[in-house]
Amino acid sequence: RKEVEQDPGPFNVPEGATVAFNCTYSNSASQSFFWYRQDCRKEPKLLMSVYSSGNEDGRFTAQLNRASQYISLLIRDSKLSDSATYLCVVTLSGYALNFGKGTSLLVTP
Amino acid sequence: EADIYQTPRYLVIGTGKKITLECSQTMGHDKMYWYQQDPGMELHLIHYSYGVNSTEKGDLSSESTVSRIRTEHFPLTLESARPSHTSQYLCASSGGGNEQFFGPGTRLTVL
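Protein chains in written order, with our numbering: chain A, 1 to 109; chain B, 110 to 220.
There could be a bad hint or two in this list.
List of simulated lysine to aspartate or glutamate pairs, EDC-like, C-alpha gap at most 20 Å [to be verified]:
1) B:K140 / B:D112
2) A:K42 / B:E151
3) A:K42 / B:E131
4) A:K101 / B:E208
5) A:K45 / A:E56
6) A:K42 / B:E165
7) A:K45 / B:D147
8) A:K42 / B:D112
9) B:K140 / B:E165
10) A:K2 / B:D147
11) B:K166 / A:E3
12) A:K45 / B:E208
13) B:K127 / B:E208
14) A:K101 / B:D168
15) A:K45 / B:E151
16) A:K45 / B:D112
17) A:K79 / A:D57
18) A:K101 / A:D39
19) A:K101 / B:E151
20) A:K79 / A:D39
21) A:K2 / A:D39
22) A:K42 / B:D147
23) B:K140 / B:D168
24) A:K2 / B:D168
25) B:K166 / B:E181
Hints in this document: simulated from the structure, not taken from any laboratory.
Take the sequences, apply the hints, and build the full model.
Structure representation (structure tokens):
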């Protein structure tokens with residue numbers, strides 16, 4: 001079983017829609033959680049860290065459920081520029097990140 | 110914006126050549142990493158370093174080697190490139206927190 005599993009996608013949504021991605025992780029001792037964004041043929045960029053209490057950054061809300069071992073990312077009022085692959089990332093020991101395969105989002109006019 | 114640099118950005122070489130992919134960061138981060146990513150696929154960790162003179166192999170077996178003589182520099186070397194090495198190689202670094210910052214990548218094609 002992979003360390004990190006994500007919704008397979010792709011998600012095609014109209015501009016202005018709300019879209020949610022889920023991600024599950026297998027190791028209950030995992031310590032840190034992140035969402036990264038990767039544009040086509042570019043490097044991953046940190047979108048936001050995920051905290052147990054949940055956190056929000058503008059249109060983006062991330063939540064962590066340790067009991068169920070899943071992480072979510074909610075994007076409100078989708079923009080065309082949100083089109084990218086979103087990577088769920090979990091770290092166990094603090095040295096290396098476990099990346100999910102990513103979920104592709106396409107926001108259409 | 111993260112200050113991590115990779116050169117070259119693109120490289121096309123013939124089989125059997127020795128190559129070194131450069132990675133430098135100006136953030137003073139102790140930890141550095143190399144990932145390999147094929148188009149449309151997930152990232153795979155191939156090497157990492159906790160600091161100067163520390164190098165470890167990652168989850169994905171790789172024929173490449175790395176060195177960490179200076180904090181800011183983490184080059185990756187392929188002694189004899191083969192077509193199976195064709196991929197994108199991404200370097201990253203992290204400091205006190207666990208967030209990693211990535212360089213722009215080197216896209217390698219071995220003919």
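Outcome of the hint check:
For the hint linking B:K140 to B:D112, the alpha-carbon distance of about 14 Å falls within 20 Å, and the restraint holds. Pair hint A:K42 plus B:E151 holds up; C-alpha atoms about 13 Å apart against a cutoff of 20 Å. Restraint check: the Cα-Cα separation between A:K42 and B:E131 comes to about 17 Å, which is no more than 20 Å; the hinted pair holds. The straight-line distance between the Cα atoms of A:K101 and B:E208 is roughly 18 Å, inside the 20 Å bound, and the hint therefore holds.
The hinted pair formed by A:K45 and A:E56 meets the criterion: a straight-line CA distance of about 17 Å does not exceed 20 Å. Pair hint A:K42 plus B:E165 does not hold up; C-alpha atoms about 25 Å apart against a cutoff of 20 Å. About 17 Å separates the Cα atoms of A:K45 and B:D147, which keeps this hinted pair within 20 Å; it holds. Restraint check for A:K42 and B:D112: satisfied, since their Cα atoms lie roughly 16 Å apart, inside the 20 Å limit.
Under the criterion of a C-alpha separation no larger than 20 Å, the hint pairing B:K140 with B:E165 is consistent with the structure, at around 11 Å. Note on A:K2 and B:D147: the hinted pairing holds, with a Cα-Cα distance of about 18 Å set against a maximum of 20 Å. For the hint pairing B:K166 with A:E3, the CA-to-CA distance comes to about 18 Å; that is within 20 Å, so the pair holds. At roughly 10 Å between alpha-carbon atoms, A:K45 and B:E208 fall within 20 Å of each other, so this suggested pair holds.
About 32 Å separates the Cα atoms of B:K127 and B:E208, which puts this hinted pair outside 20 Å; it is violated. For the hint pairing A:K101 with B:D168, the CA-to-CA distance comes to about 15 Å; that is within 20 Å, so the pair holds. At most 20 Å may separate the alpha-carbon atoms for a hinted pair to count; A:K45 and B:E151 meet this at roughly 14 Å. A hinted pair counts as satisfied when its Cα atoms are at most 20 Å apart, and A:K45 with B:D112 qualifies at roughly 13 Å.
At roughly 15 Å between alpha-carbon atoms, A:K79 and A:D57 fall within 20 Å of each other, so this suggested pair holds. Taking the CA atoms of A:K101 and A:D39, the gap is near 14 Å; set against the 20 Å cutoff, the hint holds. Between A:K101 and B:E151, the direct Cα distance comes to roughly 5 Å. Compliance with the 20 Å bound is thereby established for this hinted pair. For the given pair, A:K79 sits about 14 Å from A:D39 by alpha-carbon distance, which is consistent with the 20 Å threshold.
Straight-line distance between C-alpha atoms of A:K2 and A:D39 comes to about 23 Å, which puts the hinted pair past the 20 Å bound. Restraint check for A:K42 and B:D147: the C-alpha separation of about 12 Å stays at or below 20 Å, so the hint holds. The straight-line distance between the Cα atoms of B:K140 and B:D168 is roughly 16 Å, inside the 20 Å bound, and the hint therefore holds. At most 20 Å may separate the alpha-carbon atoms for a hinted pair to count; A:K2 and B:D168 meet this at roughly 12 Å.
For the given pair, B:K166 sits about 19 Å from B:E181 by alpha-carbon distance, which is consistent with the 20 Å threshold.
When each numbered hint is compared with the structure, violations occur for hints 6, 13 and 21.
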